[in-house]
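Visitor: In the order they appear, the protein sequences are chains A and B. 62 is the number of the first residue of the first sequence in the working numbering; add one for each residue after it. 6 is the number of the first residue of the second sequence in the working numbering; add one for each residue after it.
Because the hints were derived from the structure by calculation, they are not lab data. Do not take every clue at face value.
To be verified - Derived CB-CB ranges, DEER-like:
| id | chain 1 | residue 1 | chain 2 | residue 2 | range |
| --- | --- | --- | --- | --- | --- |
| 1 | B | R57 | A | R197 | 31 to 41 angstroms |
| 2 | A | R404 | B | D357 | 35 to 45 angstroms |
| 3 | A | R418 | B | R57 | 34 to 44 angstroms |
| 4 | A | F637 | B | D118 | 44 to 54 angstroms |
| 5 | A | R197 | B | D357 | 25 to 35 angstroms |
| 6 | B | D357 | A | G192 | 48 to 58 angstroms |
Claimed, not checked - Chain B regions said to be covered by chain A (calculated; three or more residues, Cβ under 8 angstroms):
| id | region |
| --- | --- |
| 7 | 84-98 |
| 8 | 147-155 |
Glycine included, C-beta positions come from ideal geometry on N, C-alpha and C.
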Amino acid sequence: MRAAALTVASTVALSIALSYALEAGAATGAADPAAVAELLRNAQMWRSLDRPDNARLVLVKLLAIDADQPQALLMLGELELRAGRTAEAQRLLARLQRSGAHAAASELQDLVRIYTRDLSRLNQLRLLRRGGNDERALALARELFPGGSPPGALSAEFAGLLGVRPTGGAKSSPSGKARPTTTARPGRAMPASPAPTAATAAEREAERYWPLLREAEALRDAGRLAEAAERTAAARQLQPGEPEAALLAADIDQRQGRSAIAEATYQTLLDHAAARSRAVPRLIALLQGAGRPADALSVAARQAAPDAIDIGSLRAAADARVALGQPGLALRWLEDGLTLRPREPWLRHDLAQLYARLGQVALGREVVAEGVAAAPDDAEMRYAAALFYAAVDLDTEALATLDGVPEGARTDGQLALALRLREARARRTEAAMVLQAEARRRRDAQAARRQPMDEVALFPYYRDAAPGRSTLRGVELPLVLTRSPSDGEAVDEGRRWLHLDLVQLDAGALPATLDEAALFGQVRAAGLAMAAALPQRARGLSAGAGWTGDDRRWDLGVIGAGFDVPNLVGGWRQTFELNPGDLAVELSRRVLTGSLLSYAGARDPVSGQRWGGVTLSAASLRLGRAWSDFSSSVSLRAGLLTGRHVASNSTVQLRLSVDRDWLSGPTLNVNAGLTLALWQYRRNLGNYTYGQGGYYSPQRYTSLGLPLQLQGRIGLWSYQLRPTVSRAWTFEADAPYYPTDAALQARAGNPVHAGGSGGGWSTSLRADLERGLGDGWSVGASYIADRSAYYAPTQWLFYLRRGGQTQPGQVPLPRPLQPYSQF
Amino acid sequence: MNGARRQALLQLGALASAAATAAPCRPWPEWDAFSARFIGDGGRVAETAAPRQRTVSEAQGYAMFFALVANQRELFERLLRWTEDNLAGGDLTQRLPAWHWGRRDDGSWGVVDDNAASDADLWIAYALGQAGRLWGVRRYTALALLLAARVLREETADLPGLGLTLLPGPRGFTPAPGRWRLNPSYLPPMQLRWFAVHLGGSWQAVLESSRRVLLDSAPRGLAPDWAVYDTDGRRFRRDEGNGSYDAIRVYLWLGLTAPQDPARAELLAHFMPMAAATEGTGVPPERVDSATGDATGSGPPGFSAALLPFLQALGRTAALRQQRLRMDARPAQPEAYYDQVLTLFGLGAHEDRFRFDADGNLQPAWSACVPPR
Chain A
62 MRAAALTVAS TVALSIALSY ALEAGAATGA ADPAAVAELL RNAQMWRSLD RPDNARLVLV
122 KLLAIDADQP QALLMLGELE LRAGRTAEAQ RLLARLQRSG AHAAASELQD LVRIYTRDLS
182 RLNQLRLLRR GGNDERALAL ARELFPGGSP PGALSAEFAG LLGVRPTGGA KSSPSGKARP
242 TTTARPGRAM PASPAPTAAT AAEREAERYW PLLREAEALR DAGRLAEAAE RTAAARQLQP
302 GEPEAALLAA DIDQRQGRSA IAEATYQTLL DHAAARSRAV PRLIALLQGA GRPADALSVA
362 ARQAAPDAID IGSLRAAADA RVALGQPGLA LRWLEDGLTL RPREPWLRHD LAQLYARLGQ
422 VALGREVVAE GVAAAPDDAE MRYAAALFYA AVDLDTEALA TLDGVPEGAR TDGQLALALR
482 LREARARRTE AAMVLQAEAR RRRDAQAARR QPMDEVALFP YYRDAAPGRS TLRGVELPLV
542 LTRSPSDGEA VDEGRRWLHL DLVQLDAGAL PATLDEAALF GQVRAAGLAM AAALPQRARG
602 LSAGAGWTGD DRRWDLGVIG AGFDVPNLVG GWRQTFELNP GDLAVELSRR VLTGSLLSYA
662 GARDPVSGQR WGGVTLSAAS LRLGRAWSDF SSSVSLRAGL LTGRHVASNS TVQLRLSVDR
722 DWLSGPTLNV NAGLTLALWQ YRRNLGNYTY GQGGYYSPQR YTSLGLPLQL QGRIGLWSYQ
782 LRPTVSRAWT FEADAPYYPT DAALQARAGN PVHAGGSGGG WSTSLRADLE RGLGDGWSVG
842 ASYIADRSAY YAPTQWLFYL RRGGQTQPGQ VPLPRPLQPY SQF
Chain B
6 MNGARRQALL QLGALASAAA TAAPCRPWPE WDAFSARFIG DGGRVAETAA PRQRTVSEAQ
66 GYAMFFALVA NQRELFERLL RWTEDNLAGG DLTQRLPAWH WGRRDDGSWG VVDDNAASDA
126 DLWIAYALGQ AGRLWGVRRY TALALLLAAR VLREETADLP GLGLTLLPGP RGFTPAPGRW
186 RLNPSYLPPM QLRWFAVHLG GSWQAVLESS RRVLLDSAPR GLAPDWAVYD TDGRRFRRDE
246 GNGSYDAIRV YLWLGLTAPQ DPARAELLAH FMPMAAATEG TGVPPERVDS ATGDATGSGP
306 PGFSAALLPF LQALGRTAAL RQQRLRMDAR PAQPEAYYDQ VLTLFGLGAH EDRFRFDADG
366 NLQPAWSACV PPR
């Protein structure tokens, strides 16, 4: 074992040295063909030793030098197929086809077929062979390999079956699983023929016996088995008690496919002291070859011939049983094998893996630990144990076990495993550090959050449209005080805040002319012109208090104390981590601030009645989720719209969005995406007559938008730009002038505000800018504008903030204050 | 520790304690006769006198246990292999052993009923676990663990009022919705103790429920063969309470349980009426009614053997002597398989051929004797 391990180690060292030499050669543009051939042979050797990992390493190196080497591509492709990585194999096949190596390409293509579509037939073929059912195996092989010769390494595997010589240097490699050759040349020299003088009858027979045997041997070696069998039988008759002829007869029987007779002959020879040492290994090989590992193991145990067991064949047999769903049998064989050969690392490895597979990891650990304890200096044993540990995620044990192999004595596989384990450990350490950093950041942020924060702002906006009705010029002066619960409460408790916003609104003056004034209040029903233009103004105070935590937020307040129609508002929102994704659920009641009528209410110049002040009470769901680089969200909102003396209404709104970061850095982040919005309102209440609500409420609204977002920092400045281009398709139904009052509507002659289809392109822009002033002070400004055919509002926001600082060192992105009316 | 070294230490320990006690290992003629009569070369325990010349998985389990007590490794392996190959479809890691094997109606030999019997499964798992420990054979340990895990998966149910309970087998023990047929003799306290101590978790729950089953199914201290548990009433029904050939093992297992076992005292006290019934007539009753307490008939010699450890545990020395004399006067017939099994257990323990410790581990006499030279 030790010697084998040494050979393996030195071969790896050689192949590494060779590959370095080749890489040096490649730098000068020349790949030495002799060296390429040597690497190929190396790879073949590893493959035949059932070490695809090493074979692959050598092939990868070879391809680094000569990227199109067809034999290397073919062999690597076959290794990938055997490992079940079909896609990789397909890629290599494409490379072969591109390089014009037609023979190798067609061979690999054949292999791809066999290992994918025909894999079950291949497995069946192997089972048939193992079961010794050569007739059926041959029939199946002919179907599976219509060209006659199996491609790749299969050629060597099935050479015996199909009676073809393994073709090509690539396939005539030494095989680790090959049976010991059963040439019946006796281990010792045959006795010389005795002197002819005074020969007894027995001596005369002996005289004929040995030449007959030699003749039979020669015939056998020449492939003339039938004649060889005749001579051997004749020799056995001459000296029935002499075992050499029986040994030879068994060998010939086996070659002629008469395994049962050969087996019986070997069994009788077990009692023959002179022949037993040769009969035992042959019998064991015969039994293993016939797929009877249990019998082979029992002969090896009884005859004290542990070394006669072919470990590769035993492992393959156990593997096959596991694959057939009989792990108990595999367990028996591997344990029995290990009793005979306790220092066989790969037997231990397989057994430990099997225990782990059966859910008995502790027993698996016992198996490999026992091996390392018994052979602490055996690098291969340590490697096998480490591979097991790594397979069951015991990385620390794996590394500790590998550490017992001196650095210089490690094979490629051992080096690669150690590297992989260290990388995994580093990744874990790194992940832990990232988590720590994240925790620190959160702590800092929460500490900052605990500082009191005061903000004040000026929020002017204007929309010039129909004076007295849809025109709106407003100024709001919000003051926000934010405090965190201090001592004795957990840091993630969130923060509470208070809004006090002064609001002043001006819709311009409603013209006195009847055709303009008729569109307002009950003027048309009254049919009276007004004496003078009627200014539409409102002034009030909005106040709210709330609480914002990591995943929950709520608030309660009043909009427009002092307005014609003030409203109570509030909201509650909860977010849930879904992993992947998140879900936000919200219940809210908010005022619609698009017009003076909907925001503050108005007074009808005819009756003096107040109407308007519209709120939307809604339930919303938002589901967000990231898909690789993309983030997406679906929002659904359903709500009821009510206002004083305004017809009631309802709406359903769906919004889908997808976006991704196209550029992401500390100073600039670019994000763009696509949004689709679908709204529908039961009624059109977008007008300003009595009972209408003065808010945009189309019956169908579809909009497709392309938002782009840039966020960045320049010095102490930070900014955020969000231009959007969108296209909308809308439909508004005709709207009765007085939807809440049928008598009024009838008296006015049942008039309607005409609806219709519309839509078109629109653009919008939001720009935010913020600058830190030091000492916890910062200022900022925002500009928000929509531009479409009939709707062009503009908003400005200027704010000053003190406290609430975030982490030092990083200029925060703009955090524009949100007036309470805009919640 | 590697197997060889563990083996060496075991032998060392055996030698050391042998040096202390210096008792030579005794032959076990009753077992030798049993194995010669009932166990075939292939490792099959055949009830030659029974219909279909059947083999039941329970017999394989018992024989494996006795082979271990007799320190016969080769025989143990043969018994295991036959069980695996013929009752478990070649692989005990993949399925429970079928309970009934024999001559089928069409004349062929094979599995007659592929349902399993949980007492047999537990005896096999237990024998494997102990063999793995005492002989240092890892595969036996692994098979014990896998089989025990499968028993939990396939042969237990969470019964309201009882908790996780061992069922007699995977199928066929719910005579009506909400009713479960249980068998108290399938619950050897020392065995369940071992599973609970070494595998923990769910086995602890099975151990606890087994105590309830044993006590509640025997309101008058006489165990029934089968007991029907009603999950609605959370109690055992009274209409089916015959205690006979199955139930005799309840007293046997209880007598074998270690004196230090925390559950033993309560159970012994509860089942004292059986000792009284035996003392009254001088013969163990063949049949009892667990609901009324009536006892009738005279049990076969095996019953006397089964009661030996029980009477000893209760300190009923007069009754013990009486049953011992009865066995001498009327020994079990050599061909009576079940009587012989009861004798091997009862008399074997009485003669100190084996005992169980507080954790349920088997302590065979051979672990502390000098083997014959």
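Visitor: Are any of the numbered hints broken by this structure? If so, which, sorted upward?
Guide: 5
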